[in-house]
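Protein chains in written order, with the numbering used here: chain R, 1 to 150; chain S, 1001 to 1139.
Because the hints were derived from the structure by calculation, they are not lab data. Worth double-checking, as some hints may not be accurate.
A short, non-exhaustive set of chain S residues, derived as facing chain R with CB atoms under 10 Å [as the list claims (entries may be wrong)]:
#1 Pro1010
#2 Pro1031
#3 Val1036
#4 Glu1037
#5 Arg1039
#6 Gly1045
#7 Ala1047
#8 Ile1048
#9 Gly1050
#10 Tyr1057
#11 Gln1061
#12 Leu1064
#13 Ile1076
#14 Asn1077
#15 Thr1079
All C-beta atoms, glycine included, are put in the ideal place defined by N, C-alpha and C.
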Amino acid sequence: MNRPAHGSTFDPAQAAPLLLRLGHVGWLGLEYHSHGDDWTELVLPWRDDLLGDSERELLATGPIVSLCDMASGMAIWNAMARFVPIATLDLRVDYQRAARPRHAVHARARCYTLTRSSAFVTGTAHDGDSSDPVARFSGCFMRIDRPAVA
Amino acid sequence: MSVQPDVLTPYARALGIEVAGMDGGIALVLPFASSVEGRPGVLHGGAIGGLLETAGYAAVQITLAEQEIERRLKPINVTVQFLSAGRPHPTYAQGRIVRLGRRVANVAVEAWQADRAKPIATAVMNIMVAPARPPLGSD
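All chains should be modelled from the sequences, with the hints used to inform the complete structure.
So, in structure tokens, the structure goes:
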């Protein structure tokens, strides 16, 4: 994948405290976990009030969508080596199995293509063993910091 | 008259989702708050996704209850299309069952704000409609 040649930087580890503190992701308590050249991994810690099924102590799927969305955004800024405003065009999540009760869920998103205006991301979510995912996801994002091309 | 199922999960309640009405199917509403904010002044896509999914499950639960069918719903997948930025206003969502089969429900969901005719996001969901209790002999 093409990486920008200029000297700008985006370090997910350094940006995380600011980007994950406020709003919906702050409310969820998302945390930075790790990153590589074109991927970023975030964690959703276990919380008793995010259940979709109280009886079975199963996490709702909504927080997983938010986790995948945010991990995707950070993977894109990481791959672009800069922070630019982006919007999610679409996001698909395939649920492989329910996350185990009282386990944090990790999502690792990889930005596999960057164009001038779009970014494409794929990733997996797991609850401790990355070889046994709880979900796979893919999404398409768009830069919204530039006027539309006529 | 069947008993109306509780369509709001602990997650949905924590997010602030409420039942908005039952006109033409169950509609839900998510008030704007900092807990659902993404970029400043804009609704977070994940919160919209959570609202859409909750509305999709609600539509299936209500229909099953009307038919007095007891089933357990399991997520298969969801695809969310984000159409425009969600403003700091209440967001509504309603699901429409495209097909309710014996194993799978296919549901189309729309979310809108001031104008029902201008959705801000749509979703397609496949939901497994599993027996409420596992059959004898299975674990």
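Now the hints, each set against the structure:
1. Pro1010: 4 Å, holds
2. Pro1031: The hint is violated - proline 1031 of chain S has no Cβ within 10 Å of chain R, the shortest such distance being about 13 Å.
3. Val1036: Holds - the Cβ of valine 1036 of chain S comes within 10 Å of chain R, reaching about 5 Å at its closest.
4. Glu1037: 4 Å, holds
5. Arg1039: 7 Å, holds
6. Gly1045: 4 Å, holds
7. Ala1047: Hint on alanine 1047 of chain S: holds, closest Cβ of chain R at ~5 Å, below 10 Å.
8. Ile1048: At 9 Å from the nearest chain R Cβ, isoleucine 1048 of chain S passes the 10 Å test, so the hint holds.
9. Gly1050: Cβ of glycine 1050 of chain S sits 3 Å from chain R, so the hint holds.
10. Tyr1057: This hint holds: tyrosine 1057 of chain S lies near chain R, its Cβ roughly 8 Å from the closest one there, short of 10 Å.
11. Gln1061: 12 Å, violated
12. Leu1064: 16 Å, violated
13. Ile1076: 6 Å, holds
14. Asn1077: With Cβ-Cβ at 4 Å, under 10 Å, it holds.
15. Thr1079: 4 Å, holds
In this structure, the hints that do not hold are numbers 2, 11, 12, in rising order.
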